[in-house]
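Student: Sequence:
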Amino acid sequence: MNTTTISTDGPVLTPAMVEQIKAFFPRYPSRQAVTLPALHVVNEHLRHVPLQAVVEIAELLELAPAQVQDTLSFYGFFKQDAPHGETRAWVCRSVSCAIRGGEAVLDHMCQRLGIHPGDTTDDGKLTLEFGECLGACEFAPCMLAGDDLVKNLDELSADKFLDTLGVAPSSKKNKPSLTDEKK
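For the sequence shown, counting from 1, position 141 maps to 140 in numbering that gives the first Met the number 0; every step adds exactly one.
If you are wondering where the hints come from, they were derived from the structure by calculation, not from laboratory data. Here the structure is a predicted model, which is why all the values come from computation and not from measurement. Here a beta-carbon is modelled for each residue, glycine too, at the ideal position from N, C-alpha and C. Careful: at least some of the hints might be erroneous.
To be verified - Simulated DEER-style distance windows between Cβ atoms:
#1 D158 with Q31: 42 to 48 Å
#2 S29 with C136: 33 to 39 Å
#3 L155 with F24: 45 to 51 Å
#4 D153 with D122: 30 to 36 Å
#5 Q31 with L155: 22 to 28 Å
#6 V94 with D122: 31 to 37 Å
#7 P14 with G100: 46 to 52 Å
#8 L155 with A63: 48 to 54 Å
#9 Q79 with T13: 16 to 22 Å
#10 T13 with V94: 39 to 45 Å
Stated by the list, open to error - In silico SDA-like pairs for lysine to any residue, Cα to Cα no more than 25 Å straight-line:
#11 K124 with E137
#12 K159 with D122
#13 K124 with A103
#14 K150 with F76
#15 K124 with P49
#16 K159 with G100
#17 K124 with F76
#18 K21 with N42
#19 K78 with A63
#20 K159 with E131
#21 K150 with G84
#22 K159 with D118
#23 K78 with C132
#24 K78 with A32
#25 K150 with A103
#26 K124 with S95
#27 K124 with I98
#28 K159 with I98
#29 K78 with E18
#30 K21 with D8
#31 K21 with W89
#32 K150 with T86
#33 K124 with E102
#34 K159 with S95
#35 K78 with R30
#36 K78 with I98
#37 K21 with G100
#38 K78 with S93
#39 K159 with G134
#40 K150 with G75
Please build the complete structure, drawing on both the sequences and the hints.
Tutor: See the structure below:
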């Protein structure tokens with residue numbers, strides 16, 4: 000039995016989250032196989048997977064915390080340090096999208112928001128990230144925003160997307176640029 004303890008502030012997993020995770024048990028051949036679905040449950044509720052949640056998932060699945068952490072760290076989708084925004088958007092930077100201006104659109108969005116790729120806006124409404132191939136090359140450049148694919152992305156459609164979310168333009172003087180990060 001696992002005796003690792005991280006937090007003294009009480010459990011991170013709510014009873015509802017625990018029940019959602021337990022509902023996977025009959026559908027999988029082992030408790031270890033429930034690791035990824037359990038991480039998704041926590042991520043859906045908390046918008047990240049804190050270390051204490053890793054420990055609690057491990058206890059629930061009768062695994063070592065390192066086994067849960069290994070699965071979590073394998074997938075770039077999960078954040079562990081801080082919650083991602085209410086909406087997560089991945090702008091594709093693979094070949095088709097890059098050739099058709101995807102990086103320029105991402106740069107435009109970053110400058111408007113005053114954030115770098117991977118950051119979350121101050122109001123917590125959006126986390127903007129690079130994405131590898133989204134499998135929609137015929138619609139390049141594209142962006143996956145939550146579960147929605149934004150096709151033929153350009154600065155105008157990017158601005159419309161940001162306006163729909165209610166993300167205010169940044170008033171920061173030193174706005175980030177993708178070209179700054181490449182230096």
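Student: It remains to establish, for every hint, whether it holds in the given structure.
Tutor: A quick look at each hint next to the structure:
no. : hint                       : verdict
1   : D158 with Q31: 42 to 48 Å  : 45 Å, holds
2   : S29 with C136: 33 to 39 Å  : 37 Å, holds
3   : L155 with F24: 45 to 51 Å  : 48 Å, holds
4   : D153 with D122: 30 to 36 Å : 24 Å, violated
5   : Q31 with L155: 22 to 28 Å  : 47 Å, violated
6   : V94 with D122: 31 to 37 Å  : 33 Å, holds
7   : P14 with G100: 46 to 52 Å  : 48 Å, holds
8   : L155 with A63: 48 to 54 Å  : 50 Å, holds
9   : Q79 with T13: 16 to 22 Å   : 19 Å, holds
10  : T13 with V94: 39 to 45 Å   : 43 Å, holds
11  : K124 with E137             : 29 Å, violated
12  : K159 with D122             : 18 Å, holds
13  : K124 with A103             : 22 Å, holds
14  : K150 with F76              : 21 Å, holds
15  : K124 with P49              : 19 Å, holds
16  : K159 with G100             : 17 Å, holds
17  : K124 with F76              : 17 Å, holds
18  : K21 with N42               : 16 Å, holds
19  : K78 with A63               : 20 Å, holds
20  : K159 with E131             : 23 Å, holds
21  : K150 with G84              : 21 Å, holds
22  : K159 with D118             : 20 Å, holds
23  : K78 with C132              : 20 Å, holds
24  : K78 with A32               : 20 Å, holds
25  : K150 with A103             : 15 Å, holds
26  : K124 with S95              : 28 Å, violated
27  : K124 with I98              : 29 Å, violated
28  : K159 with I98              : 22 Å, holds
29  : K78 with E18               : 23 Å, holds
30  : K21 with D8                : 23 Å, holds
31  : K21 with W89               : 31 Å, violated
32  : K150 with T86              : 17 Å, holds
33  : K124 with E102             : 22 Å, holds
34  : K159 with S95              : 23 Å, holds
35  : K78 with R30               : 23 Å, holds
36  : K78 with I98               : 29 Å, violated
37  : K21 with G100              : 45 Å, violated
38  : K78 with S93               : 22 Å, holds
39  : K159 with G134             : 23 Å, holds
40  : K150 with G75              : 23 Å, holds
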